[in-house]
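Peer 1: Sequences are here, hints too, so could you generate the full structure?
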Amino acid sequence: MINKIVNTVQEALQGIESGMTIMFGGFGLCGIPENSISELVKKQTSNLTCISNNAGVDNFGLGLLLQKKQIKKMISSYVGENAEFERQMLSGELEVELIPQGTLAERCRAAQAGIPAFFTPAGYGTEVAEGKEVREFNGKMHVMEHAFKADFSIVKAWKGDAAGNLVFKGSARNFNPCMCGAAKITIAEVEELVPAGTLDPNQIHIPGIFVQRIFQGEHYEKRIEQRTTRKRA
Amino acid sequence: MALGKEEIAKRIAKEVKNNSYVNLGIGIPTLVANYIPKGINVEFQSENGVLGMGPFPFEGEEDADLINAGKQTITTLAGASFFDSATSFGMIRGQHVDLTILGAMEVSENGDIANWKIPGKMVKGMGGAMDLVASAENIIVAMMHVNKAGESKILKKCTLPLTGVGCVKKVVTELAVLEVTSKGFKLVERAPGVSVEHIITSTEAELIIEGDVPEMVID
Chain A
140 MINKIVNTVQ EALQGIESGM TIMFGGFGLC GIPENSISEL VKKQTSNLTC
190 ISNNAGVDNF GLGLLLQKKQ IKKMISSYVG ENAEFERQML SGELEVELIP
240 QGTLAERCRA AQAGIPAFFT PAGYGTEVAE GKEVREFNGK MHVMEHAFKA
290 DFSIVKAWKG DAAGNLVFKG SARNFNPCMC GAAKITIAEV EELVPAGTLD
340 PNQIHIPGIF VQRIFQGEHY EKRIEQRTTR KRA
Chain B
158 MALGKEEIAK RIAKEVKNNS YVNLGIGIPT LVANYIPKGI NVEFQSENGV
208 LGMGPFPFEG EEDADLINAG KQTITTLAGA SFFDSATSFG MIRGQHVDLT
258 ILGAMEVSEN GDIANWKIPG KMVKGMGGAM DLVASAENII VAMMHVNKAG
308 ESKILKKCTL PLTGVGCVKK VVTELAVLEV TSKGFKLVER APGVSVEHII
358 TSTEAELIIE GDVPEMVID
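Which chain is which? The protein sequence lines are A and B, in order. Read in order, the letters of the first sequence are residues 140 to 372 in our numbering. Read in order, the letters of the second sequence are residues 158 to 376 in our numbering.
If you're looking for bench data, these hints aren't it; they were derived computationally from the structure. All values reported here derive from a predicted model rather than from experimental measurement. Careful: at least some of the hints might be erroneous.
[As the list claims (entries may be wrong)] Taking CB as the label site, the calculated pair distances span:
hint, chain 1, residue 1, chain 2, residue 2, range
1, A, ASN277, B, MET279, 50 to 60 angstroms
2, B, ILE275, A, VAL273, 19 to 29 angstroms
3, A, GLY158, B, LYS305, 39 to 49 angstroms
4, A, HIS358, B, SER339, 52 to 62 angstroms
[Claimed, not checked] Taking beta-carbon pairs under 10 angstroms as the criterion, some of the chain A residues facing chain B (in silico):
hint, residue
5, GLY154
6, GLY231
7, CYS247
8, ILE363
Heads up, the beta-carbon is just placed ideally off N, CA and C, and yes, glycines get one too.
Peer 2: Here you go:
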C-alpha cells in the first residue's frame, strides 16, 4: 500500500504557487473542496487560472478567491450566481473562458486518461468552434477539443482511505472523479478518512492511483444554493 | 387565449413517451415533470449526475449533497443512480437520453437555436445546453412566441449567438405547436381560441399550413 495521507491542509497544498492552473471539483456549491479553498485564501496565492464548472457565490466557494482577486482566469460552463464575478468580468480584471459543460468534463477525463484531444458535436456552428478544427464523422460535424493541462487538481470526496481510494456521495460526485489524475498532482480532501482495508474494493469510485495526497477536511459547511421543498400532504 | 407557462408544460408533457429517459432544462421545461400523464413511465436525467430524479424533498429533509442542474435540492426515486459529469455527458452525447426539453430565446426555421448569450448583457454561460442540443435525438423547445415588445422569436434566421444548428424538432409556445421540417416551420396546432391569422402575424418565419389547424388539447 502506498500511503497518500498528509496531515494538514497546509501540507496538502504545498507547491501551489501564484500563476498556476488549478482544477476544482464541484457543481455549484455541491461537492466543493471547502478546506482547500479557505487555505488558498489564507496563503494569498494569486494569478490563478481555475478550471471549475462554476465560480461559487459571492461569499462562498471560489467566490472567496474572487473577492480577494486571486483569480486571473476562470474556465467554466456557467457562472451566473456571483455579483463580484460579474463586476470583475465586465471591468476586464478577470478573464473568462466559457465552454460547454460536457466538453469541460471530457477535457478533464481526456487529461486523466492520456488522450490529447477528441472530437465532440457540442458547439459546432457556434462561436465555441471558432478557430478549431472541425471534421465530419458519420455524416455529422464535430469540433476538436484538447485535454486540459493543469498543475494541481483539488477534489472533494465523502470517504477516502490511506491509499487514496475515494467514494463520493450523491450528486456531490459531479466533476470530482473526472479531475482525479487530470493534473500533475491531485489533492483529495474527504469528510471521512479511514484506514486502508476499510472500504470495500468493489465500491471504490476512484482508485488511489489517481490521487497523490489525501487529508481529512474539517467543519464542512455544505451550503445549499437553492433550498427547494414540498409541503407534506 | 394564449397559454400560460403551466399550460405549455402540460402540452409538452403529452409528448413524453412511455419508458423514456428525459432531460429537462431550467424554466418551463422543469414544470413538465408535474404533468406527465398517468401510465407514462419516465426517468429524469439531471446533467450534474443523477438519473431517476424525484420531487423536491419535504421540509427538513434537504440534503446538500443531492441537487439538480438548477442547484435545487431534490430527491431520488427507486432505481436511481449517481455518476460523474463525464459519464453524464456520455449519456447525452451517446444519445442514450431519449428526449431533451429546453427553453430558447430564438429558434429559426432550419432548427437552429439560440438560448445562451445576449451580446452586451452579462453572459452566464451555456452550461450543458450546447452538448444537449448537439446530440439529443429529439429536442422540444418550450418558449414564448413573442418577446415583451411583441416581436417574434420564431425566425427565418436567428439573430443571437447560436447554441446549436439544425437540431430543434418541435416548438411549443403560448400560441402554437410548430414542427421543424426540411421546408421550414409547419403549424400543427394552435392554442385554444387563437386564430391562425394571429399566429401568422406573430411569426416572422414563414409557416407551412395544411388544411384546418386543430386546437391544442391541454387537459
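Peer 1: Each hint needs a verdict: does it hold in this structure or not?
Peer 2: Structure-based check of each hint:
{"no.": "1", "hint": "A:ASN277 with B:MET279: 50 to 60 angstroms", "verdict": "violated (38 angstroms)"}
{"no.": "2", "hint": "B:ILE275 with A:VAL273: 19 to 29 angstroms", "verdict": "holds (26 angstroms)"}
{"no.": "3", "hint": "A:GLY158 with B:LYS305: 39 to 49 angstroms", "verdict": "holds (46 angstroms)"}
{"no.": "4", "hint": "A:HIS358 with B:SER339: 52 to 62 angstroms", "verdict": "holds (59 angstroms)"}
{"no.": "5", "hint": "GLY154", "verdict": "violated (26 angstroms)"}
{"no.": "6", "hint": "GLY231", "verdict": "violated (14 angstroms)"}
{"no.": "7", "hint": "CYS247", "verdict": "holds (7 angstroms)"}
{"no.": "8", "hint": "ILE363", "verdict": "holds (5 angstroms)"}
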